[in-house]
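Enquirer: The residues making up each chain are set out below.
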Amino acid sequence: MMNQTLNQTPKIELRTSPHIKSGRTVEQIMRNVVWALLPITAFSVWQYGLSALLLIVTVTATCLATERFMNRVMLTGNTLSDWSATITGLLLALTLPPSYPLWMGVVSGFVGIALGKFLFGGMGFNVFNPALVGRAFVQAAFPVSISTWTPAFAPGRFSGLIPTTLTAPLMTPPDIAYWAKHALDGFTGATPLARWKFENVLATPQDFLTGAVTASAGETSAILILLCGGYLAARKFMDWRIPVAVLGSAALLALAFHVFSPVRYPEPSFVLLSGGLLLGAVFMATDMATSPVTPWGVWIFGGIIGVVTVVIRYFGGLTEGVMYAILFANSLVPMIDQYTQPRVFGSLSGQRKGKKA
Amino acid sequence: MSAVGKWLPSGLFGRGKTFARGIHPDSHKDTAGLAIRRLPFAPEMIVPLSQHIGKPAIALVQAGQEVVRGEPIGRADGFFSLPVHAPVTGVVRAVEPRMTASGAMVTSVVIHTHPSSDQQVLYRTPQDVAALSGKALIQAIQDAGIAGMGGATFPAHVKLAPPEGAVIDTFIANGAECEPYLTCDHRTMLEQPNDVIAGVRLAMRACGAPRAIIGVEDNKPDAIRALRAALRPEDAITVEAVVTKYPQGAEGTLIYALLGREIPIGQRTSAIGALGSNVMTLAYIGRLLHVGEGFIERVVTVTGPGVARPGNYLVPLGTPLRFLLEYTGAHGNEREIVLGGPMMGPAIASLDVSITKGTSGVLVLGAAEIATRSARSHPCIKCGECVQVCPKGLNPSMLGMLAAQRDYDTMVGHYHLDECFDCGCCSYVCPSNIPLAQQFRIAKGVLRKRAAATP
Ligand code: SF4
Ligand code: SF4
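Taken in sequence, the protein lines are chains A and B.
So the number in our numbering is just where the residue sits in the first sequence, counting from 1, plus 63.
So the number in our numbering is just where the residue sits in the second sequence, counting from 1, plus 169.
Here chain A stands alone, though its shape is the one from the complex (with noise of 0.2 angstroms):
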């Protein structure tokens, strides 16, 4: 009887080894990310309102249409499963000021995933970041909105829709600094980094880390984002060291800036709290596809943004440099990749040492 099962054996598989897998997927590292941003997406909701749970809708839904779309386009198989676009729209919507156009917002995403990822010819192949793509284009195209900030925590943000949101396409929103003094006393509508820039007022590390502060839907709680990124590192989902070189080298330049001229340059707590950078060097450097893969690599990237993001917050004329950072660090990864190979065992040094004998 044996024998006859084992007589018949067409169902045997020829394959090459390795024979066994880690069982680590490329799903299933995307589909915690999306998990990590979720409570981020959650308080911003509830910091900013219907506005804000409408942008991120409609900004995540117009990157999974437009990826199925550009599936269907590039002749790609159906790619939604991976859960990268899901991601990318979510990142998107958390860099977009709650008081966005929708309309705009749809354009972003589909600029974000259409030239931002399938130009180069989808996941993995891109060469920067999909929603930071987005986000630089709309900056660019539509630059009054994209710095129009209304106030977090405003009475009557569930009940009512802050009266730019659902601005008619192409049509210039309205002016919403009326509604603003109304909604909040004393609201200037400035972010804390351009009242520091602008009117050398500093916000607290209190106000940083339980997000009473101006910003984009998804900067604000610093405790929130570390609290995420975290586990998404613990997990190994992500590369704990992109962040570290992101932050600490901010951090340190900073502070020699700082020590420099106290009067003229803030502390390093308030440049690491401050913008976008907490949200940017944990979930937008670490994208795998658009960081070095070599070990070096990966902290040389990570300076460059810390870096650079300095720069253009002390020196540039724009407010917020962490975009520009990433998206110039990220043309750079190639080169980076290059350099920094690893050291092939046997060879060089490991000559020398092999001499022993």
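Don't take each hint at face value.
[Claimed, not checked] Pulled from the structure, derived: some chain A residues nowhere near chain B, Cβ distances all over 10 angstroms:
{"id": "1", "residue": "I83"}
{"id": "2", "residue": "A105"}
{"id": "3", "residue": "L117"}
{"id": "4", "residue": "T121"}
{"id": "5", "residue": "W166"}
{"id": "6", "residue": "F173"}
{"id": "7", "residue": "F188"}
{"id": "8", "residue": "F221"}
{"id": "9", "residue": "H321"}
{"id": "10", "residue": "V374"}
{"id": "11", "residue": "V407"}
{"id": "12", "residue": "F408"}
[As the list claims (entries may be wrong)] Now the stretches of chain B that chain A is said to cover, found in silico as 3 or more residues with beta-carbon under 8 angstroms:
{"id": "13", "stretch": "396-404"}
{"id": "14", "stretch": "557-566"}
[Stated by the list, open to error] Only part of the chain A face toward chain B is listed, based on derived beta-carbon distances under 10 angstroms:
{"id": "15", "residue": "S85"}
{"id": "16", "residue": "Q202"}
{"id": "17", "residue": "S332"}
{"id": "18", "residue": "P358"}
{"id": "19", "residue": "S410"}
Just so you know, the hints here were simulated from the structure itself, not pulled from any lab data.
Glycine included, every Cβ here is placed at the ideal spot set by N, Cα and C.
Fit chain B with the ligands to the known structure of chain A by using the hints.
Expert: What follows is chain B with the ligands alone, placed relative to chain A:
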């Protein structure tokens, strides 16, 4: 190793001797506690005349001839070759090409086992090994027909003969057994430590090494104890624990772990004063040489979810795989059969091949193992995992992209494809499920063919 230790960078916190990078696959060493048992003799044996790397043996027998167990049936064709001995007493039915595990047809001696024979080894030429010097010892090892049993099947005597002018200061006995599932080396060290040590002493004499180190992964403390207990005070042999990590048992990584020396690119271990052999190979050298018997059976780990009675079996060389699987109760739903370990062993296409000198294990995998492996493949997402595990310090991510473009010359010229030794770490970790090691194997094959075509 503890679950926490797995996440710590190896080598830190004084966790022992090891090499850089590598992986920690689930060990699945379920058969480690099962003592070696003898497999009955199959009614028909198929003994290939080439079970080693090098020239095939030349047949000494013809169809119809009676042979006794242990009798030479093939003689070595020069130095880079090995003789073959009859695994059973019986009648030669044919000398004809038969399929081997690699899929190639190899001239084989087919023997019908004598059913009433008690299968004592009847052919032996005892010798006084203590009197043998270097060259004669090398000859004796060749006469026994011993091939490397770790999987590479390089003739043992060729490996033990240092090249002209080389000075060997340390002999390395490889008891790492880093492949998951396999426990045959473990059992050999545990049950026959005296044979292993006797083999090490002979090997040291053969290659002129003043000292020897036996490297054993630290997941086999009982084997380490057994070997240490078998040492005599005058032995210049130490037994050292190395970190349990794949591929600790690759020659280059083990020598690095024990001596801190890297084999320079393109050179042999003798260039850094070391020579090595696998522990089971040494056990057979230690056991067979003084009684003057040929190498006719070896320990094989038979395991995997598809086997009802897994264990370590003493298998006569030439036993058909089908017979072994029937005896060990491989049930009907096996999907893939691997000869050797799961990381580097080849899958076989037919059950009509036989167990040979290099077969360390028979692994029968089921549908579950295959499902995890055949998950969907994605483009490289540049996660860098492969770079972090390649024990050779290569960049499999880049090599994989070049392989997809068939840019083999850049792979060799700029990314050291020649150094890749198929360990499979990169394929194992790749979340995009890219068959990296396989692509590199193909690339090397293409380049070899091209080199052969252009003289
Ligand atoms: S198979 Fe080759 S490239 Fe892959 S990890 Fe092993 S040596 Fe490195
Ligand atoms: S492990 Fe796979 S996906 Fe990750 S870098 Fe290497 S080849 Fe690319």
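Enquirer: It remains to establish, for every hint, whether it holds in the given structure.
Expert: Tested hints:
Consistency note on I83 (chain A): stated as away from chain B, yet its beta-carbon is not over 10 angstroms from all of that chain's, at 5 angstroms minimum. Every beta carbon of chain B lies more than 10 angstroms from that of A105 (chain A), the smallest distance being close to 27 angstroms; the non-interface claim holds. Taking the minimum C-beta to C-beta distance to chain B, about 31 angstroms, the non-interface status of L117 (chain A) holds against the 10 angstroms cut. No Cβ of chain B comes within 10 angstroms of the Cβ of T121 (chain A); the nearest lies about 27 angstroms off, and the non-interface call holds.
Chain B leaves W166 (chain A) outside its interface by the beta-carbon criterion, the shortest separation being 32 angstroms against a cut-off of 10 angstroms. The Cβ of F173 (chain A) sits about 22 angstroms from the closest Cβ of chain B, beyond the 10 angstroms cut-off, so the non-interface label holds. Not every C-beta of chain B lies more than 10 angstroms from that of F188 (chain A), the closest at about 6 angstroms, which undercuts listing it as non-interface. The Cβ of F221 (chain A) lies farther than 10 angstroms from every Cβ of chain B, with a closest approach of about 38 angstroms, so its non-interface assignment holds.
Every CB of chain B is more than 10 angstroms from the CB of H321 (chain A) (nearest about 34 angstroms), matching its label as outside the interface. For V374 (chain A), the shortest C-beta to C-beta distance to chain B comes to about 26 angstroms, beyond the 10 angstroms cut-off, and the non-interface label holds. Not every beta carbon of chain B lies more than 10 angstroms from that of V407 (chain A), the smallest distance being close to 5 angstroms; the non-interface claim is violated. Some Cβ of chain B comes within 10 angstroms of the Cβ of F408 (chain A); the nearest lies about 5 angstroms off, and the non-interface call is violated.
Against chain A, the stretch 396-404 of chain B contributes 0 residues with a C-beta closer than 8 angstroms to a partner C-beta. That does not satisfy the three-residue criterion, and the hint is violated. Evaluation of the coverage hint for the stretch 557-566 of chain B: fulfilled, as 8 residues show C-beta separations to chain A shorter than 8 angstroms, against a requirement of three. Using the Cβ-Cβ criterion of 10 angstroms, the hint placing S85 (chain A) at the interface with chain B is satisfied: the shortest such distance is roughly 5 angstroms. A cut of 10 angstroms between beta carbons decides the hint on Q202 (chain A): the least distance to chain B is about 26 angstroms, and the hint is violated.
Hint status for S332 (chain A): violated, given a least beta-carbon distance of 30 angstroms to chain B, over 10 angstroms. The interface hint given for P358 (chain A) is met, as the beta carbon of that residue sits about 7 angstroms from the closest beta carbon of chain B, less than 10 angstroms. The restraint placing S410 (chain A) at the interface with chain B holds, with a minimum CB-CB distance near 6 angstroms, inside the 10 angstroms limit.
The structure fails hints 1, 7, 11, 12, 13, 16, 17 (numbered hints given earlier, in ascending order).
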